[in-house]
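Engineer: Chain A is already provided as a structure; the job is to place chains W and E on it using the hints.
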Amino acid sequence: MTNQNQTPASKMPEVETVPTAWQRFKDTHIWNSFIKDRVAQISLTIFMGYVIMALFAPVIAPFDPYDPTQMDIMNSELPPSWDEEMGEEQFWLGTDAQGRDLWSTILYGTRISLTIGICAVLLQATIGIIVGLIAGYRGGRVDSILMRFADVQLSFSTMMVAIVVLAIFQASFGTELYQDLAMVMLILVIGIAEWPQYARTIRASVLAEKKKEYIDAARVMGLGQIRIMFRHILPNTLSPILVISTVQVANAIISEASLSFLGLGMPVSQPSLGSLISSGFEYIFSGAWWITVIPGVVLVVLVLVMNLLGDWLRDVLNPKLYKG
Amino acid sequence: MTDQNTMKTTETDQIQVSESLVQIRGLYKKFNISGDFLDQLKFKGGKIVREQEFVHAINGVDLDIKKGEALCVVGESGCGKSTVARTVMGLLTPSAGTISYRGERIDDLDDKQLLSYRKKMQMIFQNPYASLNPRMTIAQTLEEPVTVHNPDWTARQVRDKVHEAMFSVGIDPSWGERFAHEFSGGQRQRISIARALAVDPEFIVADEPISALDVSIQAQVLNLLMDAQEKRNLTYLFITHDLSVVEHFGTRVAVMYLGSLCELAATKTLFAKPRHPYTQALMSAIPRLEDDRPQHIKLQGEVPTPVNLPSGCVFHGRCPYANERCKQEIPQLITTDEGGQVACHGVAEGRI
Amino acid sequence: MPLLEVRNLEVSFGLRSGDVKALRNVNFTLDRGERLGLVGESGAGKSVLGFSILNLISKPGRISDGQILFEGKDLADMSPEELRNIRGNRISMIFQDPMMTLNPVLTIGQQMVECLQAHRNISNENARTIAVQKLQQVQIPSPETRIDQYPHELSGGMRQRVVIAIGLLMDPDIIIADEPTTALDVTIQAEIMELMVELCERNNVALILITHDLGVVSQVTQKAIVMYAGRIIEQGPTREIINDAQHPYTQGLMNALPQMAIPGQRLNQIRGSMPSLQKIPTGCAFNPRCDYLRDACTKQLPGYTVSGNCKVACHMVAELKQAEQAPHEA
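Chains as they are written, first to last, in this note's numbering: chain A, 1 to 324; chain W, 1 to 352; chain E, 1 to 330.
In isolation and in its complexed conformation, chain A is listed as follows (with noise of 0.2 Å):
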């Protein structure tokens, strides 16, 4: 036989051409179980339904709810269209007490509430991911140290960290001030007061790691700690980053409505779905429950369908329950 031209390939003939990106895709698990699950395909659709909404909400929206040119008292409290008596043609959700056309208000509040839940979660996730990497990779001292600061912060709750953050703040610089600044600040606070979860979860993903002997052999090469750390155990530690972000991005969702329900989020007249939950608060006795219910809707839906992702991911990849 052809015994003497012994090239590797011909030594292992078992491995075929190289396959593209979008083939590797394909096969891997991922794909795999979210071709079969419906849930996840509802909750994805529905989520980039959202992102759509946010990115696109100046081009979707008929009315700029921040311009008070465009709005008119006489409009206020108008129910949704399909309300015969009452309701416009032109506000199909109806309109709050300033006249603002609601849909368009819900778009831009979207808007706001998804810039501020994933900014927030980016600064949660780059504090975090160091703290953990630092302290998982270095052990000993820094790590007992990094972890307790942790646990203080996590002793804390988010919310009273933010209301008394948020309260001082107000009172000192005045509300002018904190109005312009308002997203500036909830995205700070609710970034700094959340990030140990992040570190928890990477610093175990680390400890796992770290004990592989692919670490062993980077620093037999001689690498760098860094470069250890960013390049090769962070990519590993990347599934449960995944899946605590989509969990994450809903809490920093609800907590900001929640401050913003209780007067320390988004000023009225640049509403998030929280403030705008809030502003309807007032006249929903008074029979205009769409300014309240509708945005509620929107808000409680978003968070869901995170939710379902995150549960969705955290079973693809968790590899307790993989098989393959």
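These are computed hints drawn from the structure, not numbers from a lab.
In this text, a Cβ means the ideal position worked out from N, Cα and C, and glycines have one as well.
A hint or two may mislead.
No more than 27 Å apart at the CA atoms, straight line, and that leaves these computed lysine-lysine pairs for DSSO-like [to be verified]: (1) W:K120 with W:K67; (2) W:K30 with A:K212; (3) A:K210 with W:K30; (4) A:K212 with W:K268; (5) W:K66 with W:K327; (6) A:K36 with E:K279; (7) E:K321 with E:K279; (8) W:K112 with A:K210; (9) E:K321 with E:K311; (10) A:K36 with E:K59; (11) E:K73 with E:K21; (12) E:K21 with E:K321; (13) E:K59 with A:K26; (14) A:K26 with E:K279; (15) W:K120 with A:K212; (16) W:K112 with A:K212; (17) W:K112 with A:K211; (18) W:K119 with W:K231; (19) W:K30 with W:K42; (20) E:K279 with E:K299; (21) W:K119 with A:K211.
If you want the footprint, here are the derived chain W segments under chain E, 3+ residues with CB under 8 Å [to be verified]: (22) 122–130; (23) 205–218; (24) 221–230; (25) 246–257; (26) 276–286.
Some residues of chain W that are not near chain E, with every Cβ distance over 12 Å (derived) [said to hold, decoys possible]: (27) Q187; (28) K273; (29) E290; (30) T305; (31) L309.
Structural biologist: This is chains W and E only, laid out in the frame that chain A set:
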């Protein structure tokens, strides 16, 4: 038979085994297993005392690894053989003792100072399923050490070097775009070897590189390691529990038991005439294909825990020849008539 | 009538990509007190065979053809009640990892007593006496105190002894041991193997030893089966196979052992690796790795040729035998 013997002697003559590449002197390694400071505090006799417990993994090991040889370290699980390998590679810092490479101390260097040694010393790991980063392609895995050690090389030079390393272990360079999980255990182990060879090392520590592989694949990988040794004039520190591999592969053998060296000899000498009672027991336990193997030597009891080491010779509790002296005095390595070294009072006194 | 007879067994796994046959056309018999070795590399199907004898194949696997006759009765026809009576009682199984058998939160005694009471109507005291007796049989020192310990308090070797004692509890007719010593050190392995041979001989128990280690098979068993890619490729008396292997794969496997080579020389390696079950080559599954390749090997599944007391699945057996004898004559 005579044919074989003459062949072997000429072979050993060719390898000049004189110059030490790596020197291990008085190596101790203990691991603290008593946890945090708070866990160490115990309440005893009305007082709070701080108590620490240690696993004594290595207890005073002296070894010279000579240029061009394959020094095999054998022993059962928990004997400290892997700890020796990891300490030599600087993955662990010794509790006491020194490690020198070509006469320069390397155990007290920091990461930066070690970098130039990392190029010369490489390691191959036991588990081919854990030793490759699952999120990196094969090409990325192999290119990384080359770029780290040759920062001024162009991308093309790096790629050529990697291709050369891949060819030398029999893997196709076109597989570079794939991830580790797409390969079988034997192929992954080849990739690990390629990673070690890519920086042109002169010394390789192999920590049980074939024990996770199937028999037919073991032979492939062992042959590959021998080819590499011949072509590149490599020196190996080969850690294994399998004595039949040692007989085939090793130039010299070091037998370890409970963190101490019991016997050190040229492979042929050791297999022809094992002196230490533990070596004898270990060798009699190899499952042989032949029908007429001698009855295996049964040891009494079990390996003691390395937390509370036995006094005297660590093997005395299980040794059929142990006497009072063995229980009290730690035996030192002595040179035997055959040229090997044994740490045993029985051999020293001529009892065994 | 043999104690156990496996006829034409086929086990399939239903995967996304279609049915995969993990075992094909497996035939063998086992007599009372006989020790049989199942040898093969990972993926050869030796563990699947062990599990299918107890009808323990879990989904998506199933026995898709053939029969497993225990004392002449097909296991497939048995009620779950009868099957339970056979599992653990008449046929017991020992795994590679003792912790698969031992429950970490129960003492050894509790587990042994529970096991005894599941199969027999017996008082606590009697069960404990039997348990101590079995622990004594597997040479565990001071069994009366050991019996009240938890599995984690024992060393690996001791745990495997306890598992063997549990396997022996019901005085079974067959013990299936799946790589029982792979996780243990060589000295312990030798002791445990010796113990198993002794116990099997004393109690007239048949043993099916699943292992990848030809040395162990050679030391322990009387009959051996070599498997490759889900098929038996050679079976016969152990000594005959070890001393005079017929199939090129068996020969290759043996020659690949370091103890068969001249020290310092290259080992005789088999090139390539075992095919995955989804991609078994047509014809003889071993053909891409075989040195004696002929046209027939890639086209036709080789049947079994009888050679001496062995059965070999290879087209080339006769030719190889001739070639082997020729140089001796010359």
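Engineer: Which numbered hints turn out to be false for this structure?
Structural biologist: The structure breaks hints 4, 5, 7, 12, 22, 27, 29 and 30; every other hint is satisfied.
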